[in-house]
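This is what each chain is made of:
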Amino acid sequence: MQTGTMVIISVVSMGGIGAVLAAFLAVADKKFKTLEDPRVELLLNILPSSNCGGCGYPGCRMLAEKLLAGDAPPNVCVAGGNRVAKELAAFLGVEAKEHTRMLAVVLCKGGHAEALRNARYKGEETCTAANLTAGDKACTYGCLGYGECVDACKYDAMAMDANGVPVVFYDKCIGCGACVRACPRNIIEMHPEDHKLFVYCRSKDKGAYAKKVCAVSCIACGLCVKDCSVAGGIALKDNLAVVDYATAPQNDESTKRCPTKCIFSGIEEKVTKEAFLSVARKKAV
Amino acid sequence: MGVGTFDRGIHPEYHKELTSGKRIESAALPKTVIIPLQQHAGAPCVPLVKKGDTVVEGQKIGDVKAFVSAPVHASISGKVKDVELSHHPVGVRTLSVIIEGDGAVKQWPVNERVSLDSLTPDAIRGNIREAGIVGMGGAAFPSSVKLQPPKGVTIDIVILNGCECEPYLTADHRLMVEEPEKVVWGLTAIMKAVGASKGIIGIEENKPDAIEAVQKAASNSSNVSVAVLAAKYPQGAEKMLIQAAVKRKVPVGKLPLDAGVLVNNVGTAVAFYEALNWGKPLIERVLTVSGNAVSQPKNLRVRIGASFEDILNQCGGLVREGTGVIPPSVEVLNGGPMMGIAQGTLNVPVVKGTSGITALKTVSLKREGYGPCIKCAACVEVCPMGLMPYRLGDYGRAQRTVEFKDWAGLSCIECGCCSYVCPAKRPLVHWIRVAKFKARTETVKVAK
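The listed protein sequences correspond, in order, to chains L and X. Going letter by letter, the first sequence gives residues 102 to 386 in my numbering. Going letter by letter, the second sequence gives residues 8 to 455 in my numbering.
By construction, these hints were calculated from the structure, which means they are not laboratory data. You may find that some hints are simply not true.
[Said to hold, decoys possible] Below, computed lysine-lysine pairings styled on PhoX-like, alpha-carbon distance capped at 25 angstroms:
#1 L:Lys-307 with X:Lys-29
#2 L:Lys-305 with X:Lys-58
#3 X:Lys-29 with X:Lys-261
#4 L:Lys-338 with X:Lys-57
[Stated by the list, open to error] Some but not every residue of chain X turned toward chain L, in silico, with C-beta under 10 angstroms:
#5 His-94
#6 Val-99
#7 Pro-335
#8 Met-346
#9 Gln-350
#10 Arg-404
#11 Pro-434
[What the hints assert, rightly or not] Under 8 angstroms between C-beta atoms, here's a sample of chain L residues computed to sit facing chain X:
#12 Ala-191
#13 Ala-220
#14 Gly-224
#15 Glu-225
#16 Leu-233
For glycine and all other residues, C-beta sits at the position ideal for the given N, C-alpha and C.
Throw the hints in and build the complete structure from the sequences for me.
Here it is, written out as structure tokens:
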């Protein structure tokens with residue numbers, strides 16, 4: 102066979118196969134076309150696309166679909182905050198609602214210096230593993246100190262301090278709640294930004310025992326209950342002071358007489374990443 | 008006749024010679040006992056006494072209506088000092104009744120012997136429930152629940168576990184040597200309660216005196232026999248024992264009763280005898296105190312609720328009295344070295360599932376850090392459940408619960424063979440335990 106003929110046959114056969122397949126694809130494109138709401142893509146441009154899960158849905162795309170279906174309110178995105186809430190409301194043509202910023206609060210201050218250690222824990226250094234055998238601290242309610250919450254935080258908004266308890270940087274925390282889900286002792290809670298007064302202890306032990314095992318535990322003495330200017334603003338429940346956020350004033354007037362200094366107000370302004378790092382750096386030098 | 012055995016498993020050093028020849032002694036009556044209200048698998052008990060009450064030995068002090076539960080009884084006579092949270096040998100603090108003893112000892116009718124024909128299966132179950140008997144091998148599953156198989160399930164064989172494959176422990180061994188009649192009688196009572204036609208007592212071949220004693224005691228009963236099994240760990244695990252003694256396999260994720268078999272510990276059988284004949288609830292148990300940090304290893308009959316410190320002091324002591332602190336040179340375990348749980352304090356009570364107290368010198372333990380997995384598959388070769396421990400461990404560390412479940416991680420029996428053989432010293436069973444816990448709690452969350 103001559104070379105020229107072979108070239109022609111090759112070109113024709115390959116071109117033919119290509120044309121047939123292209124025709125098939127063209128038909129398939131028309132016939133099997135799935136209609137996706139084009140607004141989903143537009144909503145994804147507004148949403149932060151961080152897939153943090155703070156809204157309760159697995160990711161931003163899922164939230165976009167729920168928003169369009171009307172199943173989710175426009176102020177549900179925690180990572181986006183007020184700006185995204187407004188833009189979403191405008192896009193969806195619904196009334197804009199104020200987005201409340203949520204913050205994670207670690208309700209335990211019992212670190213190396215304060216909490217008694219009565220055991221030696223030599224297992225895997227994660228909180229879940231330590232919690233199976235109650236860890237090495239005598240208090241069975243407090244922070245285990247292995248930092249699973251810090252590992253869970255995607256926003257670089259948490260760190261373990263030198264004392265062995267986690268701190269939240271309130272300038273960085275977006276309120277996704279990943280740390281809350283990671284903590285096996287449930288000592289981290291999500292609170293709206295306007296909550297300032299917290300009892301930094303979760304121990305339900307009786308006062309004498311609680312004081313023995315941790316220097317900053319709530320011993321349920323009831324002084325904050327008496328000092329609270331609104332009756333019933335702070336109550337005692339299961340050997341622990343509980344703040345009623347609907348009524349209790351969020352200032353520190355009721356906390357001054359606390360013998361163990363486990364209840365106080367207004368920590369958020371003080372703890373920023375900058376402040377934390379400057380202290381850490383000073384210590385390093 | 009060849010000895011029965013199961014696939015895979017390991018041969019750890021047994022160290023049983025320390026106590027296997029020593030008679031069971033009664034421990035001194037404790038001055039105070041701490042009785043946790045949860046000593047069994049299932050729902051915790053509700054206290055029936057309050058601070059200041061006077062209780063007598065054998066009085067019921069905690070009960071709950073739940074099906075999977077067992078009541079607890081006062082193990083000494085005296086006054087209730089407090090009902091509060093106290094340390095438990097299996098980890099967290101639980102609500103416990105603390106009794107201060109007055110020194111009185113109740114005499115149980117030890118010569119009483121009822122005829123088995125006079126007891127109906129329902130009566131046996133009722134008495135066992137009231138006596139608070141749980142599996143005494145360690146898992147502490149309420150016995151009355153085991154005696155009540157669901158409808159449509161027939162149990163034809165009851166196996167008594169006399170293997171005691173855990174190193175150092177000899178409590179069951181001594182029970183079989185010293186009280187074989189009680190063991191055989193207890194077995195026939197269990198057989199009657201579930202309507203089984205055959206009873207087998209499985210004993211490892213390294214206990215010839217126990218085999219002889221039990222064979223002699225069982226010579227009168229035609230439907231009870233002794234199965235001699237290979238000395239291998241974990242021969243005493245339920246599923247391994249069934250495979251070795253009757254050549255049946257329990258399907259994955261199922262219970263022994265799905266294979267028509269019921270397994271009980273020999274200690275449980277003795278408790279059955281004492282409960283049904285003497286009306287004595289489970290207020291004391293036999294345990295082994297051993298290990299290279301104990302100067303006088305012993306087999307002791309101990310009241311439930313006596314503190315570890317009290318018992319160790321009767322075996323030559325370990326620490327200064329009254330401190331409850333474990334010196335850093337010693338590790339104290341609730342149970343044996345393979346599956347036992349290290350204790351943080353000696354102020355923990357003996358519970359129904361405490362089969363032994365092992366105190367080991369820290370220097371004799373190898374605890375350098377672990378290295379990377381070299382994929383030698385030593386763990387796969389020894390896993391009695393046929394799992395892949397190296398893989399399960401990694402899934403556990405990576406928190407990949409779905410894959411962990413797909414690779415049947417939940418059927419791990421936590422025997423510890425994989426960690427024992429791992430040349431890289433990887434704490435595989437620890438990771439798997441954590442992963443099992445995560446997998447179970449996540450299932451609960453989804454179910455809600």
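We went through each hint and held it up to the structure:
no.: 1; hint: L:Lys-307 with X:Lys-29; result: 44 angstroms, violated
no.: 2; hint: L:Lys-305 with X:Lys-58; result: 20 angstroms, holds
no.: 3; hint: X:Lys-29 with X:Lys-261; result: 39 angstroms, violated
no.: 4; hint: L:Lys-338 with X:Lys-57; result: 21 angstroms, holds
no.: 5; hint: His-94; result: 9 angstroms, holds
no.: 6; hint: Val-99; result: 5 angstroms, holds
no.: 7; hint: Pro-335; result: 7 angstroms, holds
no.: 8; hint: Met-346; result: 14 angstroms, violated
no.: 9; hint: Gln-350; result: 8 angstroms, holds
no.: 10; hint: Arg-404; result: 8 angstroms, holds
no.: 11; hint: Pro-434; result: 7 angstroms, holds
no.: 12; hint: Ala-191; result: 36 angstroms, violated
no.: 13; hint: Ala-220; result: 3 angstroms, holds
no.: 14; hint: Gly-224; result: 5 angstroms, holds
no.: 15; hint: Glu-225; result: 6 angstroms, holds
no.: 16; hint: Leu-233; result: 6 angstroms, holds
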